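Chemist: Letter by letter, the chains look like this.
Number of protein chains: 4
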Amino acid sequence: MNRFGQRFSFTTFGESHGKALGCIVDGVPAGLLIDEEFIQSELDRRKPGKSKFETARQEDDKVEILSGVFEGMSTGTPIAMVIYNTNQKSKDYSNIKDVFRPGHADFTYFHKYGIRDYRGGGRSSARETAARVAAGAVAKLMLQQLNIEIVSGICEIDGIKAESFDYDHAKESIIYALDAKVEEAQKDAVMRAKEAHDSVGGVSRVVIKGSPIGLGEPLYYKMDSILADAMMGINAVKAVEIGDGISSASLRGSQNNDPIRANGFESNHAGGILGGITNGEDIILNVYFKPTPSIFQEQHTVTKDNDEVDFSLKGRHDPCVAIRGTIVCEAMAAIVVADMVLLNMGRTIDGVKNYYL
Amino acid sequence: MNRFGQRFSFTTFGESHGKALGCIVDGVPAGLLIDEEFIQSELDRRKPGKSKFETARQEDDKVEILSGVFEGMSTGTPIAMVIYNTNQKSKDYSNIKDVFRPGHADFTYFHKYGIRDYRGGGRSSARETAARVAAGAVAKLMLQQLNIEIVSGICEIDGIKAESFDYDHAKESIIYALDAKVEEAQKDAVMRAKEAHDSVGGVSRVVIKGSPIGLGEPLYYKMDSILADAMMGINAVKAVEIGDGISSASLRGSQNNDPIRANGFESNHAGGILGGITNGEDIILNVYFKPTPSIFQEQHTVTKDNDEVDFSLKGRHDPCVAIRGTIVCEAMAAIVVADMVLLNMGRTIDGVKNYYL
Amino acid sequence: MNRFGQRFSFTTFGESHGKALGCIVDGVPAGLLIDEEFIQSELDRRKPGKSKFETARQEDDKVEILSGVFEGMSTGTPIAMVIYNTNQKSKDYSNIKDVFRPGHADFTYFHKYGIRDYRGGGRSSARETAARVAAGAVAKLMLQQLNIEIVSGICEIDGIKAESFDYDHAKESIIYALDAKVEEAQKDAVMRAKEAHDSVGGVSRVVIKGSPIGLGEPLYYKMDSILADAMMGINAVKAVEIGDGISSASLRGSQNNDPIRANGFESNHAGGILGGITNGEDIILNVYFKPTPSIFQEQHTVTKDNDEVDFSLKGRHDPCVAIRGTIVCEAMAAIVVADMVLLNMGRTIDGVKNYYL
Amino acid sequence: MNRFGQRFSFTTFGESHGKALGCIVDGVPAGLLIDEEFIQSELDRRKPGKSKFETARQEDDKVEILSGVFEGMSTGTPIAMVIYNTNQKSKDYSNIKDVFRPGHADFTYFHKYGIRDYRGGGRSSARETAARVAAGAVAKLMLQQLNIEIVSGICEIDGIKAESFDYDHAKESIIYALDAKVEEAQKDAVMRAKEAHDSVGGVSRVVIKGSPIGLGEPLYYKMDSILADAMMGINAVKAVEIGDGISSASLRGSQNNDPIRANGFESNHAGGILGGITNGEDIILNVYFKPTPSIFQEQHTVTKDNDEVDFSLKGRHDPCVAIRGTIVCEAMAAIVVADMVLLNMGRTIDGVKNYYL
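Residue numbers (the working numbering), protein chains in the order written: chain A, 1396 to 1752; chain B, 1396 to 1752; chain C, 1396 to 1752; chain D, 1396 to 1752.
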């Protein structure tokens, strides 16, 4: 089930070490200027090998549009995009051919499908998220037309928390740090882990600005539930919170309710969503990534034949998947919002009549 | 979009103060013994008015099966269930007819749909979750046949955390407390808030036991992402974590990876899911509920005409929605797992051949 | 899989001889006046027992709305409707308890589900179509607001074909005949078959008037393909044609193409659809019903244990299912068009911007 | 909405004169031998330019698999296939840049999307069906494992009907003729039309052999309704019938019912489907294609600016789209059956238990 979204949707294909990966984006309204440079620039933000904080695997992640665009504009037909793999080194994986890496999906994919595609995790690799970023870039182009913007950054690494959130700073930071004051400490934590042949977890904070009131389709396609789906489905994500989220569970109602005034809400504990529908405030998400499971210390595991072995992984890996992960969070958020925008258009009979008559 | 699930799915209807609410459960395999007493007993666990820790609204929540069962067994056709409302007091709501309650969906529903169904929140009321519990009970009956069990309880109220998790104790506890040692403190917190005309948040912990390896449909119908969707969609939920979740973001890979041995995993930080697919360990979720937004203190808000007013709510409300919410979490978890069980059946060609040939 | 439609959708439940049948209609825009009398009048057009040309089973088919309507208007939430069965005579079916009726779904349901709900065909009975008519009535209320009208009638019975199509006449005719000149001959054919303990087939012609240009979602949710799906799914339907349909297969392109002029098309061989999208002309469908399989002559069949028997059916049945079937065709057409109207709203970025900005 | 199918599904992309077209096939069970030569051979059967009965456009239709296959076998992950266009001559279309071709989707696409992709019909071109044939080939590989076979051929061209159906002959015939006795007459009809700068319609007959009893998911994913959807969605198709279809509408029940004996049905008027579920007999479909709308005679039409013009088309076109269309019918039928096979696996609780326990 490799498709996400109802009206604005995408379907992805491809494995870490296959020929190519890509996506088909469906439901893009016709007449949208498809800025290929922007799409590429989004992929560039996610692409590996840009710094020592990332995997050493070098991929250009050059995206090619195969369909759905005519004379620079979307035509209403599906937009297919392909990214050819160029730097796959499958032989790097020959030593794990028959071994399940702890913390990875090797074990579960093998037991589900009876097949061991050992080359870099195959389909379960975070490399697939390049396709999500391509689709998300198209969503962002659409949302720009509605003055909806999605920003994000890293608010925590290895337990070191940002105290302020500067999304412009994050754009310039090599680790997408939201708080310049803790950025160096966060970088140090990543490097210390890397040097220890280990990895660290982190937290991405995503904000959707400019959303109109009314997005989200109760009861089972709510804005918050679908954002949670989208985020939890990203590789290595283990928790998602909306607004004050976890901490709201230890508050009283009188502290947590956002008072309403004529020009909006006095606070935003709710993170911009009430009853699964946007309330016009910023939509705020925190997305928790576990540490990269690929570490270079000896670990206990088993082989395909269920023999116990102790082994040490080789290869090239991000010491902190949250860093590049935040770009994927943005992409998925953009896709969810674009989908909700389209779904919302038939909400009242007056709106439908105005559209047609 | 009032439907949830792909193969085992349900669609709900009904408002807090309408004639009735209910659901159609679709995809139930034929030949399943439909134990009506069990379904009713699940509804009884969720129904309001059982104690001072819950709303005073008295509803029998008597469920009636209208279709899909013949001679006590499912027939493979949709099972419709209806629960008539009996204790609705719409006049309780006359004072909020034109006012949006802070923390509620009144504001967003009105702005989305242009309609103000002021009677107890209408469709956005948690009363609708009775239908989810009915559907979840059918899912549980199916899972029982596969020896899969879902348990849950309250692990935190008002910041008071359980230190151990006793799911049998939770079944007997009036607040579904997991830890008898903190139960009284948790009860006191609820009552103190209630006496202060306030409310408290809480956390439900859900465990799925006995799941086979292999459930979950990557990449966009993963076990964890759909569980997150299911939980975040429950009224008042603001965060969801799988396994160690939030805390894993501040761990190192060497701490967070679960070593694998011939007879299973040495630890379960992952919460039973790797790459979106179950690994045979217990699936563990924590679900964070905000405090009930209905409080009886004066609050700032606006009317339908956007006039600012200060008002105090009247009515009957749970001082801590997490308590009854945990039953809804169980129901939704059961539905997700039942759906994944059916979806998983076509995963290998050998499995398909064995089924047919 | 008891749901139909994407944005305007419905899910049905119920068996021929169960307690009740009904539906949940989802996606109805808020603010639509829900005229219950109109909905009931549509059910009355389909209900059995109105004349000797129909089954003698008397059912009031009284529809009750359980949700989704507040102060007479749709609220954007699901509209549940229930119809209680009152005149079921399950004992009529005791003689077929263990026997599969030829031409019916008894054989296939039993082999699929392993269950024999012998009471009047259970879920496979055309009685379920009452729920479709209820849902279709809501769709018609929506389409009325857009000046889209759906009409139909019987154009052929037992090979006796209408030579002209008078949809107003059909409304008044007890057999919904389109051509008053052949109506008596058609009635005679039905009665002759009935007297011979036999049944006859027939053809319904459905026309959708006033559709805007542009409805239909290529490539796999085309207007014609979904209409074909909707019609072929009605009990006893064995063929569907759009526009000139079958006869166009023996024409030349120069005969079959519809020339275009500034004010529209010069002819309508295409039946209002080109490339799966409406072209602004009337959408025209012919729907072919087989003769009612329930006949009262001796037939060869087998029992549940696969023993061969010759048996004669008892019970109450329509001698020509096409007659009441035409009302179901209208309902399904209305639902398809309502769905396409909503799906079409996001087709251009300019339309989306106009809606939001 | 460029996706078809629920469990075995595919999504296509691409335009007639774009860079490439292709598909992502999702839901293929793991462990299936993916015979690339077979897939290519299916594309070769559909590819243009093989004879004078087809368009002169020469395309190799060389298919490349980008993902989802490892060491020759399906892995359970999506199979992406791409076919690059090589012989597009967009300048052929410069004369219709601003003109809508009668009988084509030019008019409707332009009015829906506000875009005129004049190059060979863009997305609405039958060239897209190459992607369906690729997906259908994968479905056939799966069905071969279950001994289900799909055959087809041309049973009628220009009103000249086959009197017998020899599916082996059709495989060898350059026009896929089912009846050698009328094949020459059918060929002559095509050539006469071509010489007259005109085109002819035709009918494809498709038979699904070896289907188990029980495929089809009532009530809204019936085998017949989804086959109708699949066939009506193929370019130029205007009618679909199952079994005796149209003619059954003029029969009596006593003639049309198929008597049942211990070893199966005595006749097959039903075309292998009862109540939307397969009954174990051959599934039989007739699919009616209109004549190719591209003809080279002068026709009335309008420009984008709605100016009336008389124009004559240039370019390369099939004089009878039914011929190559029959290969597309087979492909779509294979996809529907593969989907139904997977959907059917959860039909009874005993089947589910056997699968898991």
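Where hints are given, some of them may not hold.
[To be verified] So the derived label-pair ranges between C-beta atoms look like this:
{"hint": "1", "chain 1": "B", "residue 1": "Gly1659", "chain 2": "A", "residue 2": "Ile1569", "range": "50 to 56 Å"}
{"hint": "2", "chain 1": "A", "residue 1": "His1695", "chain 2": "C", "residue 2": "Asn1701", "range": "55 to 61 Å"}
{"hint": "3", "chain 1": "C", "residue 1": "Tyr1751", "chain 2": "B", "residue 2": "Glu1693", "range": "32 to 38 Å"}
{"hint": "4", "chain 1": "A", "residue 1": "Asn1482", "chain 2": "D", "residue 2": "Asp1583", "range": "55 to 61 Å"}
{"hint": "5", "chain 1": "A", "residue 1": "Ala1580", "chain 2": "D", "residue 2": "Asn1749", "range": "33 to 39 Å"}
{"hint": "6", "chain 1": "D", "residue 1": "Val1704", "chain 2": "A", "residue 2": "Ser1436", "range": "24 to 30 Å"}
[What the hints assert, rightly or not] Calculated pairs, EDC-like style, for lysine to aspartate or glutamate (alpha carbon to alpha carbon, straight line, at most 20 Å):
{"hint": "7", "chain 1": "C", "residue 1": "Lys1566", "chain 2": "C", "residue 2": "Glu1703"}
{"hint": "8", "chain 1": "D", "residue 1": "Lys1492", "chain 2": "A", "residue 2": "Asp1563"}
{"hint": "9", "chain 1": "B", "residue 1": "Lys1748", "chain 2": "D", "residue 2": "Glu1567"}
Rather than coming from a laboratory, the hints here were simulated on the basis of the structure.
Note that the structure is a prediction, hence the values are computed from the model and not measured.
Glycine included, every Cβ here is placed at the ideal spot set by N, Cα and C.
Chemist: For a quick check of understanding: which of the numbered hints are violated here, in increasing order?
Modeler: 1, 5, 6, 7, 8, 9
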